[in-house]
Amino acid sequence: MRPPFPPFGFEQFSFGTELLFTIVAVFFCFEIYRKTHDSYELSRHKGIRYFRDAFLFFGLSYLVRFLFNPIMASVLDFDFVLPRGLMILLFLLPLGYFSTAAIFYLIFSSVWKRFDNKKMLMVGHGIAVLLPLASLLTGSRTILLYLQTALLLLAAVLSHFAPKGGGIKKLSQTRILYILISALWLINLWIVDRVRPSFFGVDLFFQVVSIIVFIVIYYKVSKWAK
Amino acid sequence: MNGKKRDRLEVISDILGIIRDSHNSIKPTPLLRKSNLSSSSFSEYYAELASKGFIKEITDGNGKRYVTLTDKGFKYLEKYGLIHGLIEEFEL
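Chains as they are written, first to last, in this note's numbering: chain A, 1 to 226; chain B, 1 to 92.
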């Protein structure tokens with residue numbers, strides 16, 4: 001049974017902030033991608049390529065994330081026209097793929113010198129396909145969140161404890177930003193999942209923090225990509 | 001060229017800088033000498049720079065070959081500091 005509708009004003013306000021948040025997040029992601037175009041074209045530096053691809057995928061992830069819930073809510077009423085399973089497939093696969101690839105590319109951008117790049121990319125894309133498939137096969141959207149969280153924790157541990165030359169690498173401001181941007185993606189994915197109760201203040205807080213992180217990264221990129 | 005191993009982008013910047021500082025016209029042999037690279041490394045970089053369109057070869061009336069920077073080569077030199085800054089800033 002579907003839960004009763006929330007008060008109209010609240011729902012409208014929540015949709016409005018979601019829309020605004022998505023526009024701002026997608027704008028900054030695509031701007032970071034665009035601004036680093038010249039630097040990559042001139043240098044063909046792999047680190048720059050992975051860095052900008054990460055933001056391209058984050059932008060696409062936030063776009064699909066925004067479209068996911070309104071579409072799912074509407075197909076509940078029109079299941080006979082648009083089979084729900086097909087719609088889940090159409091949205092969950094790209095959502096899972098883009099976001100997992102974004103997290104991977106962010107990790108690749110700082111560890112690419114240490115690994116065979118061809119194998120690293122194959123493994124990354126393979127996992128990015130497998131994660132949403134696992135979510136689809138188990139019939140649970142939440143499993144994608146758990147798997148991405150596990151992946152992020154593993155990546156954070158690996159990049160912290162296995163730097164080039166051994167030892168433990170000091171957590172720099174950039175790495176903190178990388179962890180934040182990935183963790184905030186996961187939190188924002190939780191937020192959009194209307195299965196759990198919505199705490200509007202908490203949702204808004206994380207959205208504002210996400211925007212601040214995007215602005216900080218954009219500002220840092222702008223200094224070097226004029 | 002301070003004894004520290006140069007990375008790929010720095011070597012490219014050094015080679016292009018030598019050409020620019022030679023009034024944008026230098027023969028391949030002095031370029032090799034000034035670039036402080038082994039002959040094989042220099043050949044690889046030279047081929048890469050030519051294929052990417054950063055440099056081009058011209059031959060004068062006496063059949064002598066000279067290397068010059070293209071617009072893209074000048075643009076790389078102009079942007080090198082920024083590219084290097086971006087790489088350092090984000091630990092790429």
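Think of the hints as simulated: they come from the structure by calculation, not from any bench. Hints may contain errors.
With a Cα cut of at most 30 angstroms, we get these calculated BS3-like pairs of lysine-lysine [claimed, not checked]:
1. B:K27 / B:K75
2. A:K223 / A:K35
3. A:K119 / B:K64
4. A:K35 / B:K27
Heads up, incomplete: computed chain A residues facing chain B, CB under 7 angstroms, no partners named [to be verified]:
5. H37
6. L42
7. G47
8. V64
9. S109
10. T149
11. T174
12. Y218
13. K220
14. S222
15. W224
We put the beta carbon where it would ideally sit given N, CA and C, even for glycine.
How the hints compare with the structure:
Of the pairs offered as hints, the one joining K27 of chain B and K75 of chain B holds, with about 21 angstroms between alpha carbons and a cut-off of 30 angstroms not exceeded. Straight-line distance between C-alpha atoms of K223 of chain A and K35 of chain A comes to about 10 angstroms, which keeps the hinted pair within the 30 angstroms bound. Between K119 of chain A and K64 of chain B the CA atoms are separated by roughly 46 angstroms; this puts the pair beyond 30 angstroms, and the hint is violated. Of the pairs offered as hints, the one joining K35 of chain A and K27 of chain B is violated, with about 36 angstroms between alpha carbons and a cut-off of 30 angstroms exceeded.
This hint is violated: H37 of chain A has a C-beta 12 angstroms from the nearest C-beta of chain B, more than the 7 angstroms allowed. Satisfaction of the interface hint for L42 of chain A is found here, the shortest Cβ-Cβ separation to chain B being roughly 5 angstroms, below the 7 angstroms cut-off. Checking G47 of chain A against chain B: minimum C-beta separation of about 3 angstroms stays under 7 angstroms; hint holds. With a least beta-carbon distance of about 25 angstroms to chain B, the hint placing V64 of chain A at the interface is violated under the 7 angstroms criterion.
A hinted interface residue such as S109 of chain A counts as satisfied when its beta carbon comes closer than 7 angstroms to some beta carbon of chain B; here the least separation is about 5 angstroms, so the hint holds. With a least beta-carbon distance of about 24 angstroms to chain B, the hint placing T149 of chain A at the interface is violated under the 7 angstroms criterion. Interface restraint check for T174 of chain A: the shortest CB-CB distance to chain B comes to about 5 angstroms, inside 7 angstroms, so the restraint holds. Hint status for Y218 of chain A relative to chain B: violated, with the closest Cβ pair at about 12 angstroms, above 7 angstroms.
Residue-level restraint check for K220 of chain A holds (minimum Cβ-Cβ distance to chain B is 6 angstroms; threshold 7 angstroms). Contact between S222 of chain A and chain B, as hinted, is not supported at the beta carbon level, the nearest pair being about 10 angstroms apart and thus beyond 7 angstroms. Given hint, W224 of chain A at the interface with chain B, holds; its Cβ is 4 angstroms from that chain's nearest Cβ, closer than 7 angstroms.
Checked against the numbered hints given earlier, this structure breaks hints 3, 4, 5, 8, 10, 12, 14; the rest are met.
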